[in-house]
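*Asks:* Chain by chain, the residues run as shown.
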Amino acid sequence: MISFSSVSKRYPGGRAALAEVSFVVESGEMVFLTGHSGAGKSTLLKLIPAIERPTSGSVLVHGQNIGALKAAALPYLRRSIGVIFQDQRLLHDRSVYENVMLPLAFSDHAPREAARRARAALDKVGLLDRERANPIQLSGGEQQRLAIARAVVNRPAILIADEPTANLDDESAARILEIFLSFNQVGVTVLLASHDRAMMQRYGRRVLELAAGRLGELSAPENSAEP
Amino acid sequence: MKTWLRQHRLALGSAARKLSAQKSTALASILAIGIAISLPLGGYALLEPLRGLVGRIAVEPQLTAYIRLEARRSETEATARLLRQNAQIASVRLVSREAALRELASVDGLDDILATLDSNPLPDALILQPRDTSAEALERLAKELRALPSIARVQADSLWARRLAAFGAIGRLGLLFLSTLLAFGLIAVTFNTIRLQILTLRDEIEVSKLLGATDSYIRRPYYYLGVIQGALGGGVALAVVWLGIHLLNAEIRLLADSYGSTFRIPYPPAPDVLSVVLCAGLLGWLGAHLSVDRHLREIEPH
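Protein sequences appear in the order of chains L and X.
Quick note on my numbering: the first sequence kicks off at 521 and runs consecutively.
Quick note on my numbering: the second sequence kicks off at 59 and runs consecutively.
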């Protein structure tokens, strides 16, 4: 479960990114987060794995108050959350396989188990046959799928993604969304930031709308194309 | 335990990859460290045999009083008895002219020459150990001895050895200062190498932190890098010193052989070799620790 309670975030210099934001995402729920560029979507997502800290208010993840966590506990929190960054943050001097192995290197998995998990994650996103390739050799959609594989390889309970379908063609975007849906169907809590309202409408999930750092009314699109 | 070992094995592998990814930088750093360490190490290797030499020689100044050549043994013994009563003198040892000749004959190459002599040209001698070894007291005592009718000549022995010991002590102090200075140099070289590595791998560090890597996971390869670089630098220093001693000994052998001596500069013994490598590794670790501590703090997220 993710719970925001009167969360505000103000960056040094005085710019307010979020103001009094409150919402709850239940375990196993899939929620979209939308808003214009600069509305505060990325900031909100960064607060969940404690990449940023709230200026005021509280953020609870798995029932833990992120603001009260000691620095030494943060890596363990981050391992329980799969994050797909807007710019993917892939390592271009490593192969596809090595990118997916990265989070497993600092988890306590035996080498054989780590290799098995990495290949399973690549298989899940349809990149097993590209494991030796360099990320730079992949298409935009494939790079996004690689970022998803890396995010899910530690089997996180929460998956958050910042504009995972941006700059992708419709077919690739649909494929990415299907991957998120499949994870959600097995109980993973998913929070996706996007500004593609048409896409969100097709899936009939709850939508949180941010405008200038404030959370608007929660809505559930009427037209759902989800099976 | 298994996980801990695996994490360290991974860190060691990562450190080796980081080194091989920047071969020329790493090589330059290792050479710089090696040459820096070789200076005090070479000085130590040269001073150690000198210290041994000085240790074997009596460094307390002695006076040798040579009895007139024509004096009888009874006269020598009477002088010795007289001097034993002198409060300024701690001990008196009589070296008879026969004993002195025997000692001289034991030196290689001199026995043949001495055999050609008709008579013993050496006088009886009294070796005196003064109580006060200051230069003024020695000079005063030597003057008193010269006034005795049975004594032909007085010679202050071991002063040179004392000076040599003093030079040795200065040399060791200089080496200690140089070693301290170069230890800081080694730390600075490692600090900078690790800084460059962290700058180069900033993306990887950032992503690892975002994905849940602990600080110790991120730091560990850099610690290994510092230790490996320092230890390899220590190895280079030992190789440089070994080569220097080898070349010097080739020249020293020619000189020593001509004196019938087997003197050579010894190669650093195994415990010293181990100490150099360990100390260099430890200093490398310290440099890495300081660098990692300072530069990782600058990389977000915290």
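A couple of the hints might just be wrong.
[Said to hold, decoys possible] Across the chosen pairs, the derived CB separations fall in these ranges:
1. Gly-232/X x Arg-535/L: 53 to 61 Å
2. Ser-82/X x His-612/L: 16 to 24 Å
3. Thr-575/L x Gly-232/X: 54 to 62 Å
Rather than coming from a laboratory, the hints here were simulated on the basis of the structure.
A virtual CB, placed ideally from N, CA and C, is assigned to each residue, including glycine.
*Asks:* Give a verdict on every hint.
*Replies:* Structure-based check of each hint:
About 60 Å separates the C-beta atoms of Gly-232/X and Arg-535/L, a value consistent with the hinted range of 53 to 61 Å. Between Ser-82/X and His-612/L the C-beta distance comes to about 22 Å, which sits within the given range of 16 to 24 Å. Between Thr-575/L and Gly-232/X the beta carbon distance is about 59 Å. The supplied range of 54 to 62 Å therefore holds.
The structure meets every hint from the earlier list without exception.
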